[in-house]
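Protein sequences appear in the order of chains A and B. For the first sequence, this note's numbering gives the first residue as 63, with consecutive numbering after it. For the second sequence, this note's numbering gives the first residue as 63, with consecutive numbering after it.
These aren't lab readings, by the way, just hints derived from the structure by calculation. Since we're looking at a predicted model, the values are computed, not measured. Any given hint could be a false lead.
Where chains are identical, the list cannot tell them apart; a pair therefore holds if satisfied intra-copy or between any two copies.
Computed cross-link-like contacts, BS3-like style, restricted to lysine-lysine with a CA-CA straight-line distance of at most 25 Å [claimed, not checked]: (1) 256 to 424; (2) 573 to 332; (3) 424 to 573; (4) 432 to 573; (5) 332 to 424; (6) 573 to 256.
So you can see what is in the structure, the chains are spelled out below.
There are 2 protein chains.
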Amino acid sequence: MRFFLPSWVVEYRRDWLGGDVSAGLTVGVMLIPQGMAYAMLAGLPPVHGLYAATLPILAYALLGTSRQLAVGPVAMDSLLTAATLGALAVVGSENYLALAALLALLVGIVQLLAGVLRFGFVVDLLSRPIISGFTSAAAIIIGMSQLKHLLGIDTGNSAYVHELLLATLREVDNINWLAVGVGGLGIALIIAAKRIDPRIPGPLLAVMAGILLTWGLGLTDYGLRIVGGIPGGLPPLALPALGWEEVRQLIPAALTISLVGFMESIAVAKAVRNRHADYELDANREMLGLGAANVAVAVVRGYPVTGGFSRTAVNDQSGAKSGLAGIISAGVIVLTLLFLTPLFYYLPNAILAAIILVAVAKLINPGEAKRLWRVDRADFWMLVVTFFATLIVGIQLGIGIGVVLSVGVHLYRSMRPHLAVLGRIPGTDNFRNVARFPHLQRVPGTLIVRFDGPLYFANLTYFQQQLRQRIEEEPGLDAVVINAEGIGSLDSSALYELEQFVAEQRDRGVKVRFAGVIGPVRDRLKRAGLTETIGQENFFVDVASAVAANRPTDYALQSNE
Amino acid sequence: MRFFLPSWVVEYRRDWLGGDVSAGLTVGVMLIPQGMAYAMLAGLPPVHGLYAATLPILAYALLGTSRQLAVGPVAMDSLLTAATLGALAVVGSENYLALAALLALLVGIVQLLAGVLRFGFVVDLLSRPIISGFTSAAAIIIGMSQLKHLLGIDTGNSAYVHELLLATLREVDNINWLAVGVGGLGIALIIAAKRIDPRIPGPLLAVMAGILLTWGLGLTDYGLRIVGGIPGGLPPLALPALGWEEVRQLIPAALTISLVGFMESIAVAKAVRNRHADYELDANREMLGLGAANVAVAVVRGYPVTGGFSRTAVNDQSGAKSGLAGIISAGVIVLTLLFLTPLFYYLPNAILAAIILVAVAKLINPGEAKRLWRVDRADFWMLVVTFFATLIVGIQLGIGIGVVLSVGVHLYRSMRPHLAVLGRIPGTDNFRNVARFPHLQRVPGTLIVRFDGPLYFANLTYFQQQLRQRIEEEPGLDAVVINAEGIGSLDSSALYELEQFVAEQRDRGVKVRFAGVIGPVRDRLKRAGLTETIGQENFFVDVASAVAANRPTDYALQSNE
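Just chain A, with the same shape it has in the complex:
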């Protein structure tokens, strides 16, 4: 039985309760406006954002491994949902709602499968520059898509910045300055609350102010758009209908959302976990937890959810110690759905847009681009390309281009590792790059080189060409010493070429010696019979003994196979 219970239940301590209750209430109160705002961003009626903050939180609390992660609707998943469904159905229609739930179900299935197959590692393929470029661009697209609510105009549902910009310009005469005023007030309130004390729930204050103003002054008479009637009560439970044609259309988006959602969630879960040493985070179990949450959200007619950045941070700072905090947050939403929905009738759309705009504004991070320009020019360009690709060719293709680019650049770099000619630091047994330090002593008749990377099929040509060039530059060599400490692995192509190279040099009267070969590489050389072909006497524990051509110690060759 204990096996099926989450570890936080088994280990629960009485003194966690205060923190869990306080954090659960705080995050629950945050969730009310955020859930409604993100649902609007996703193109769904606001109440579906509240639905999405009920059952999924429970599912994650039972299966996930983070004890502070706050699962629910987030901006990025909402944008991806809108970008996907906008092309397939009329925003807000019954069909749109059904597709949103189906999309969540598919995301859940993909994540459950990925968790079971231990595919959590794929998220590691997203490098920081790619994430940064993608996030900034997505934040701009989100902001642009919310502008219509803030301006009280209708610009349609596009996920392309240029289309949104054109539509906005075309509607510039229809701007509702009352909406601008209310939205601006909302933004000011949220920012001010945060400046005064980060614990004040600014978005909730903005919601309350907006409702009171609209109701008290009768602003709807002046064309201010409001949320209107919200159906009360709990969401109806139902699995979305599975049409194969719809499934086929949604699969690419489901893959993207699974990956991007998981990435956001695991990043914040890790950051928070590192401040608590009392539990382990497991990437594959996290995949399972999020997968279960997405299946659950499909059942309550929601749309894809994941662990969110800001609510998780608040949850942690408010003292959450276990999944109980999340369950309490979900309870707050359930009570809201049961009793409080009539209160939100007069909530202006402009206030929800204000909440989203403030939330995503901080995702635009030009500082990272500036840092990269200084630190790593290639990574800077990857950020820039991913940023513009996301803006121009779209959200899904943008991140794909980023991944292919960063993997390609890594591969290209690994095809040309650093190779250094070494000399002795006077009076020591240490050897360093002679091109860097002028006073190093070259060893006469011996070329000492260090290769700083795994030796594999794609860099063998480069390795041999560099090595041959240096050998031909120094006629009259007796020996080449290869410092192999930096060669982390060898593949079968490398074994073959190494054997050829050693034989070729031997024919020319040059001995090839290896220093500091690491264990796994030694094993492989041995299994391929190269230890014999090259000669056991040519392996040395370090460069110093290879240069002196001392008898090798056991440590140079021995392996524990």
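Keeping the supplied structure of chain A fixed, place chain B upon it in accordance with the hints.
Showing chain B alone in chain A's frame:
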């Protein structure tokens, strides 16, 4: 003026002439039957194989860098041509010939572009297991496609083994046993000649024997198929007509043939160059040379050519010292075209098939699979997958699958580099993996780890998780020493995470020290300001001084920026 001449012309020495003439004549004589046989394999009339052995050889001799490479029709390019054009036109039709020339032109343009843009390195993406699996499968497809000539039946033109096999079985009643006999005799003659003395031109003997037999005994009366009338004279010069639709259809094949042809050529050129130290081979210039040869072959109505394995070996062994040998070979073909074509009227197709079969049989290499099974299990499976992919899904997709697979496996491996905990070899300043050598001395309170690979976005999670796990296994640590000799590079994601990690450990009272950081990584740490954040006092020249926490020497930090 000298700049435009190939280096072998400028450096030409009188004593090279004998070898060049002898090698040129030998290879020229080889080229007559091979050119006709390979053209038949490619689906073209045999004489086009002779055309392909004229101008292209001259073009390569002027632009290429190898002095022994014998350019002309080869089996692999012929098969790829047949596989591409078979789907687009009727074999041997005027349209087929025009498409073949257009394909050669496109291959030439791709290779010229690749040479100018210095893209020669892409060939390094083909690992040995991939090449081996692909070559074996291609040899089987070539063999199967030539079986029809040997059996005197008609099985159509497919590049899929199962289709060829089915077609052959369907035609089993129509086998012409005379063709089988003549072909068998041809195979026996070629093999016997090679056994007796490798210098005997077996294929030419087989051709002569076949012609004499067929003419003398009037074998055509018994249904033996022969080459028939060959138009005499030089090929008409003309650029192929460019239809954009055809160009679009041929582009994928042109890319594959450019790459595969270049791969075959550079491999043999390198092998031969390594026996001669008197010139430099340049991969990008080689690309240019082959590109020029393919543009030239398009002009003489041929089909894609490249440097061939067997003829290059013979050229080298016969004493070729410069491009003059190739020019003499081309001269032999020109003389043949002008005066000798009537002699080949009675040449049986079965003899040409025999020449191809003997040539490709040695490309099937099960020994390589056996070696890999022992040496590198992952590479073994890559060979097997590429082999079957090429057989089943086809030549072009097969090699593509192989490349994606080998790059993917390399990437996956680089996501999980080897990480070792080190201990001191008693009485020395050397440190080795404690899991391998039982008598190493652990340093109390200090964890020494070595990471054997570049630290980059895709393996950061793994690196941190492994490191944290080992730190948590040993409570009461004062310091972690990271032996960074194996860390060949760092990207910006790694810089960020490293900074976080060091700060986090410092908060827990654990110092992080770095030993043996290589120059390029030092530069990057410095530029990102990490040398200051981590503290200059935490960088050491080697593990021994990091353990002793001696003051770092200048060599640990200094860089020549």
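Hint check:
1. For the identical chains of this complex, residue 256 and residue 424 are intra-copy neighbours only, at 13 Å inside a copy versus 76 Å across copies, given an alpha-carbon limit of 25 Å.
2. With identical chains, the CA atoms of residue 573 and residue 332 are at most 25 Å apart between copies only, with a shortest distance of 22 Å across copies and 50 Å within one.
3. For a Cα distance limit of 25 Å, the shortest separation of residue 424 from residue 573 qualifies neither inside one copy, at 61 Å, nor across copies, at 33 Å.
4. Proximity of residue 432 to residue 573 under the C-alpha cut-off of 25 Å is found in neither arrangement, the shortest distances being 49 Å within a copy and 30 Å between copies.
5. With identical chains, the CA atoms of residue 332 and residue 424 are at most 25 Å apart within one copy only, with a shortest distance of 20 Å there and 56 Å across copies.
6. Taking identical chains as interchangeable, the C-alpha atoms of residue 573 and residue 256 are never at most 25 Å apart, the minima being 70 Å within one chain and 36 Å between chains.
Violated hints, in rising order: 3, 4, 6; the structure is consistent with all others.
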